[in-house]
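For the protein sequence lines, the chains are P, C, V, B, U and Z, in the order given. Per the working numbering, the first sequence starts with residue 1, numbered consecutively. Per the working numbering, the second sequence starts with residue 1, numbered consecutively. Per the working numbering, the third sequence starts with residue 1, numbered consecutively. Per the working numbering, the fourth sequence starts with residue 1, numbered consecutively. Per the working numbering, the fifth sequence starts with residue 1, numbered consecutively. Per the working numbering, the sixth sequence starts with residue 1, numbered consecutively.
Since the hints were derived computationally from the structure, they do not count as laboratory data. Worth double-checking, as some hints may not be accurate.
[Stated by the list, open to error] Quick list of simulated restraints, FRET-style, between CB atoms: (1) U:186 <-> C:180: 16 to 26 Å; (2) U:134 <-> C:180: 22 to 32 Å; (3) Z:154 <-> U:53: 20 to 30 Å; (4) Z:190 <-> U:75: 49 to 59 Å; (5) B:77 <-> U:96: 30 to 40 Å; (6) Z:19 <-> U:56: 31 to 41 Å; (7) C:93 <-> B:53: 48 to 58 Å.
[Claimed, not checked] If we take Cβ atoms under 8 Å as the criterion, some of the chain C residues that face chain V in the derived model are: (8) 40; (9) 42; (10) 45.
We put the beta carbon where it would ideally sit given N, CA and C, even for glycine.
There are 6 protein chains.
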Amino acid sequence: MLPFAGIATFLRAPHRPWDEAWEADVAFLGVPFDITVGFRPGARFAPRAVREASLRYALPPEGYYHPQRGFQLAGLRVVDAGDVDIPTLAYEVAFERITAAARAVRQRARLPLFVGGDHSVTYPLLLAFDDVPDLHVVQVDAHLDFTDERNNTRYSNSSPFRRAVEAMPNLVHITTLGLRGVRFDAEAVAAARRKGLELENRVLFRSSVKSRCASTCTTCKSGTSSKAKSRG
Amino acid sequence: MLPFAGIATFLRAPHRPWDEAWEADVAFLGVPFDITVGFRPGARFAPRAVREASLRYALPPEGYYHPQRGFQLAGLRVVDAGDVDIPTLAYEVAFERITAAARAVRQRARLPLFVGGDHSVTYPLLLAFDDVPDLHVVQVDAHLDFTDERNNTRYSNSSPFRRAVEAMPNLVHITTLGLRGVRFDAEAVAAARRKGLELENRVLFRSSVKSRCASTCTTCKSGTSSKAKSRG
Amino acid sequence: MLPFAGIATFLRAPHRPWDEAWEADVAFLGVPFDITVGFRPGARFAPRAVREASLRYALPPEGYYHPQRGFQLAGLRVVDAGDVDIPTLAYEVAFERITAAARAVRQRARLPLFVGGDHSVTYPLLLAFDDVPDLHVVQVDAHLDFTDERNNTRYSNSSPFRRAVEAMPNLVHITTLGLRGVRFDAEAVAAARRKGLELENRVLFRSSVKSRCASTCTTCKSGTSSKAKSRG
Amino acid sequence: MLPFAGIATFLRAPHRPWDEAWEADVAFLGVPFDITVGFRPGARFAPRAVREASLRYALPPEGYYHPQRGFQLAGLRVVDAGDVDIPTLAYEVAFERITAAARAVRQRARLPLFVGGDHSVTYPLLLAFDDVPDLHVVQVDAHLDFTDERNNTRYSNSSPFRRAVEAMPNLVHITTLGLRGVRFDAEAVAAARRKGLELENRVLFRSSVKSRCASTCTTCKSGTSSKAKSRG
Amino acid sequence: MLPFAGIATFLRAPHRPWDEAWEADVAFLGVPFDITVGFRPGARFAPRAVREASLRYALPPEGYYHPQRGFQLAGLRVVDAGDVDIPTLAYEVAFERITAAARAVRQRARLPLFVGGDHSVTYPLLLAFDDVPDLHVVQVDAHLDFTDERNNTRYSNSSPFRRAVEAMPNLVHITTLGLRGVRFDAEAVAAARRKGLELENRVLFRSSVKSRCASTCTTCKSGTSSKAKSRG
Amino acid sequence: MLPFAGIATFLRAPHRPWDEAWEADVAFLGVPFDITVGFRPGARFAPRAVREASLRYALPPEGYYHPQRGFQLAGLRVVDAGDVDIPTLAYEVAFERITAAARAVRQRARLPLFVGGDHSVTYPLLLAFDDVPDLHVVQVDAHLDFTDERNNTRYSNSSPFRRAVEAMPNLVHITTLGLRGVRFDAEAVAAARRKGLELENRVLFRSSVKSRCASTCTTCKSGTSSKAKSRG
């Protein structure tokens, strides 16, 4: 079926609501929530837009094929788990539903994909991983998202990692790649450093990510164990 | 669920592919075909756009309600039957699939809704009604769509009713409302009149449609019977 | 100065922040709040857009002039009072600030103009009129905005008049013009009628507004007095 | 040839530059000049846009045909005379070229069509008619375009008729239809009335135009003769 | 003449229809055909868009000049040969006309430029070169366009080189630059390799093209002769 | 205040009209003039657009902060001096006003920022610096802007540096970075070289600017003194 035709699910995967019973290798969950953004809203339409764009890359029955490498990827079970049902204004309700849906998708799929939404959804999504011992997170972002309070709220798109670190003792390390800009909140930077966040301010490109990942692995391990101790 | 969330089906109706077994009061079938248009293409995206727009009017569980008239519409079974799988270029294949899908939807739903697509799809859609004795069609269009051949093809968006009249002896009457313009094909007009088409050139508005329908009913009946006779 | 030049204030009026001391005939207050909308956000940009559009109609020094009627409007003192400072997410804070700013503008200007923003701002704006005895409001809207709760919140753009009627004993009459649609909340309609709301479902056009206003004036007076009594 | 194909000339007419020798029934001349507009520029692209849009209505070889009226229009010689070569900034040069081109097209075509461009081009276009005794002009516009000076210039889009009346003794009558708004220049209105302009302030619609034209014809004749006398 | 003015031909070259007699150094032929695309149509408007964009680079009378290199290009005879007259739906007719027009332009111009249109037009365009012994083609594309059949057609935008290789014994070598992606048709890749296609999967940038061209020349010659032999 | 709220001034700086008395470290002056452009107009809206975009980077009360470098920028006095009042068509008046406003802003602010507008405004802006002995200018542009006359005017966006060099004996050196293209006016290039302009044709990127600036400083000094001598 050509990309402009048919009901738009992620990669034309079957639609299996997240609160039903199924198993998959990859599952897509949309989180259409954008009411905390400080400038131009609209990220609520992102999950649908990603679904429509994905139809150009729908998994063919014979799988993906790469001509020079002879690469063939087939047999992958992909599922579109739909969207979290978001209320407007009642963000506490929204966050609870996001965490519940993310937990369910984690249980049912080996590789869950969560597509927001504004950055505030990172907090309720991370909460769905509160059972992982010594959780490490790699954040790719221009901003730290570690502000304590902004615009009279503690749950905006500036604060998800601050809230997560407060709520999740198992979140022991965050590596942030791609930071840039000069309008940082000094208190947030200091707080992040106290918590052991590793801040990376360079322009992000492929080779740097590679080398970064390599060096990070070593760093993380030791960093994590020392952290684990300091909290122990 | 708010209109920006969730998999976009028509009115949030369940997706039941047209080639499976189901029953409904209303069923939506998309026909994303636009390769016969003579100017700006893009109608292939129309079924998807109609689905997304329909989410603002999704049937509430308690039904539609009209405050002054006390009108309550509930219990309607609506189904989204998906889209016809359209090949590019091979229009004969496309037309066969459109007719097949339309026949299936007709059998399964009391009120089938077919959403194109350019005007050429009218022909394969009408073919799905070739078993209706004395079929009457009301066409609301600025153009007659009765041209014999245009741009070296007999199956463009200018010709669907010409082809239908040729192929379907049971298509005994067409009433065309809303005709306008001065670039008509004189041969098409003459041919339409020979076939008994009723041409209506006035600007179309609500009251005219009402009165028109009233008068048409009478006209059609007699017109139809005489036609039936003449062909009998 | 041509419309594309200069700092954009409403009608090129001087900018006098609403929390400073000034007097005017007309004052503009922007309320850039849109986080309760159920579909496409963006009304937060409306006050700025209205300011920019208004520059095409900036009050000339010699006043407005109508050639056939010999009408000349001059000497009007117009002020742009700026916008309410809106936090994201913390809607209670937003509503308190909206009410405070609206109260201030009411005191300083004979004709205050409040430009939203989504429909939820009607509630905090009406609260700024809680000292008016027997307040009558004329609402021009397709919807009733009298829903008790929607999307898990009681303060969305569907509920401002419900909240206002609950909070303001002096709000004795609302006339709603321009209602249309079939997705009304039956409970809201019933509640509105119990409260004495007058619902008007006709298409809205100029002459109807005129005659409506005429008849409304009489109706309102008697209706108001009887209401005032019933509450007395 | 379908509307999206081919070099875009007006109605697919042959391109005959206005400064060459030809004869036609209808000729199109573009005047892509917009530097006097007080707000959003871009009318310089209008002649090209009109040409592209016209391809949907290109004159068929067999002529235009109207089905109900049996109307057939054929044999019309249409020409696209190209555009005036507009310099930026040097508006005097631009105006001279516009007048010269318009004069040439008038000589070569029975029905010249001039497509601007902003309203200032009306002045150099009218100058091409300075040899018509007792010239009457019907202007369809929301504004009077009779301002003496605006934005430090006497040749903006607000002044073409003022300049024309000053420069052309043969321009004896202007009927202006469709005026609206309250930001008129009182001096311009008074000056227009002194010159005998007839101002019409009603909303413009088809039937009014018809009746207006009917009554205008009579009015104009007598008005013209009296004017001609008063100047005689 | 400024870029927004005048009839839009390629580089303001004179319009000489391809089926008339003329000679030129460079000639532009538009092929506004896009009905085989599998996703977003609209390339039918490309030739016109290229013409309009080219007006910003219209050849000055004194020729092109490069300040540091002292480069001066003058005396070039450029022609706009118009567009192929494309029917909708009847792609065989379209292809025949494309080949005929391309043959004519090849005879009349030393450097013909063909501007589509979707990728399917590559096939009828290549057919116009069926008289060139040992034809080598350099294709710059992300995809191979060597699929045997897609969407029930053998003439889509995925298949032009497959069809050309089948139809043209003189097409002895194709070098494809810029391939990327993982949704390749394995059968097409294998078939291309059997036919001697050289596939290049690297990101395309200037220096690589240069070095590629250098090495290709050598490769091609030997490759070609061996091929020529194998067919001999 | 969030970026979508409030009157849009540059970086939320206070609005101090340029013709009033004030002092600042940084001052913004808009020059909304675009009637000399040869293609697409609209730069008249640029100062307003820059103001709106700047609100995302409004100077926080505590100043700008850079996390890794510990950089803190606070205490800067920024002012929005408004726009020059531009007439249409009367470019001499526009240029006089631009020069007058730029002179005033230079006196009041240590770092004046002038935001156009099309390139022609460079000339009246440079005139505001005619009292600087041995003025050096670094121009970052794809074009030389040194044409003597274009489109029948000597003051278009192609000529500002030519006019400035003619009018300002103190303008002793111009370094032009980023030149590209092959449609240069040979006379302009020769004239620029006679006047001692340094032309730089390389693609512009960060490191090149840095090294360029470094080498330029030395070059300029000696070049200037020799120039100063030659004029002395």
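Indices of hints not satisfied (ascending): Failing hints, ascending: 1, 2, 4, 7, 8, 9, 10.
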